[in-house]
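Undergrad: So you can see what is in the structure, the chains are spelled out below.
Number of protein chains: 2
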Amino acid sequence: MRGNVPEGRFTRPKLPLLDGALSCGSVTEVVLSESEALELSGVLAAISDPVRLRLLSIVAANAEVCSCDLEGPLARSQPTISHHTRVLSEAGLIIGEKRGRWVWWRIAPDRLGAVRRALGGS
Amino acid sequence: MRGNVPEGRFTRPKLPLLDGALSCGSVTEVVLSESEALELSGVLAAISDPVRLRLLSIVAANAEVCSCDLEGPLARSQPTISHHTRVLSEAGLIIGEKRGRWVWWRIAPDRLGAVRRALGGS
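Line by line, the protein sequences give chains A and B. Here the first sequence stands for residues 1 to 122, where the numbers follow this note's numbering. Here the second sequence stands for residues 1 to 122, where the numbers follow this note's numbering.
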């Protein structure tokens, strides 16, 4: 990810934001169509990994976190961290901004909320 | 699954029920430990599949559903459906009861709610 984000620019999600296909009801309220299920499963796959869940909780616990500060807490190499931040970023769960050599990450507002609502939450 | 459940018996989840390790906070409230992240990722992996999400939504929309009635809506063979119901059942999301040749499935009360709370919901 370090080289994939232009200087000073924010990352953008590649997966749909759940607001469209799932706006008509959650998994506990309606029988999902194939496209709705595909959309939701993509975001769930991004968080169904223990390292990415820990990464997400670290970013959520801070206003923003530099990629350079994730190696220690996650006990992973920088290329591995880059892979996981890219997956979370493409799923729209975290937003990155490149400053100099590193990308700084913050939580995407209410993206997890959209996942919770799709799973039947309010 | 058809042959794995004793007659008249209910299936039992194999994954932890999230009530233990994650009782102290959600992914948005605390930095998850490795064991907490592993526990939650296991349940999320079970629902990060489009066929299982649709299956879950079909079971949730009914008081109970026979495995024999899932082939049509899911457009999958019975062995494939057995695989997916087993994954959801082991994750504690659905509960099966064998009656004669078939297993009847119902939604596990509040298991999705535990997942939502682990993701920061109330």
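Treat the hints as calculated values from the structure; they're not laboratory data. Remember, predicted model here, so these are calculated numbers, not experimental data. Some hints could be false.
Copies of the same chain are indistinguishable here, so a pair counts whether it falls within one copy or spans any two.
As the list claims (entries may be wrong) - Here are the simulated lysine to any residue pairs, SDA-like style, with alpha carbons at most 20 Å apart:
1. K98 <-> S48
2. K14 <-> G120
3. K98 <-> G42
4. K14 <-> A114
5. K14 <-> D49
6. K98 <-> S41
Undergrad: Checking an output row: K14 and G120, CA cutoff 20 Å. Within, between, both or neither?
TA: Neither. Shortest intra-copy (24 Å) and inter-copy (23 Å) distances fail the 20 Å Cα cut-off.
Undergrad: Measure nothing new, just compare the shortest in-copy and cross-copy C-alpha distances for K98 and G42 to 20 Å and report within, between, both or neither.
TA: This pair counts as neither: shortest intra-copy Cα distance 25 Å, inter-copy 32 Å.
Undergrad: Regarding K14 and D49, is the shortest C-alpha distance of 20 Å or less found within a copy, between copies, in both, or in neither?
TA: So K14 and D49 pass the 20 Å test inside a copy (19 Å) and across (18 Å) alike.
Undergrad: Are the CA atoms of K98 and S48 at most 20 Å apart within a copy, between copies, both, or neither?
TA: neither (26 Å within a copy, 30 Å between copies)
Undergrad: Are the CA atoms of K98 and S41 at most 20 Å apart within a copy, between copies, both, or neither?
TA: For K98 and S41, the Cα distance exceeds 20 Å both inside one copy (29 Å) and across copies (29 Å).
Undergrad: Regarding K14 and A114, is the shortest C-alpha distance of 20 Å or less found within a copy, between copies, in both, or in neither?
TA: within (16 Å within a copy, 28 Å between copies)
When the structure is compared with the earlier hints, violations turn up for hints 1, 2, 3 and 6 and for no others.
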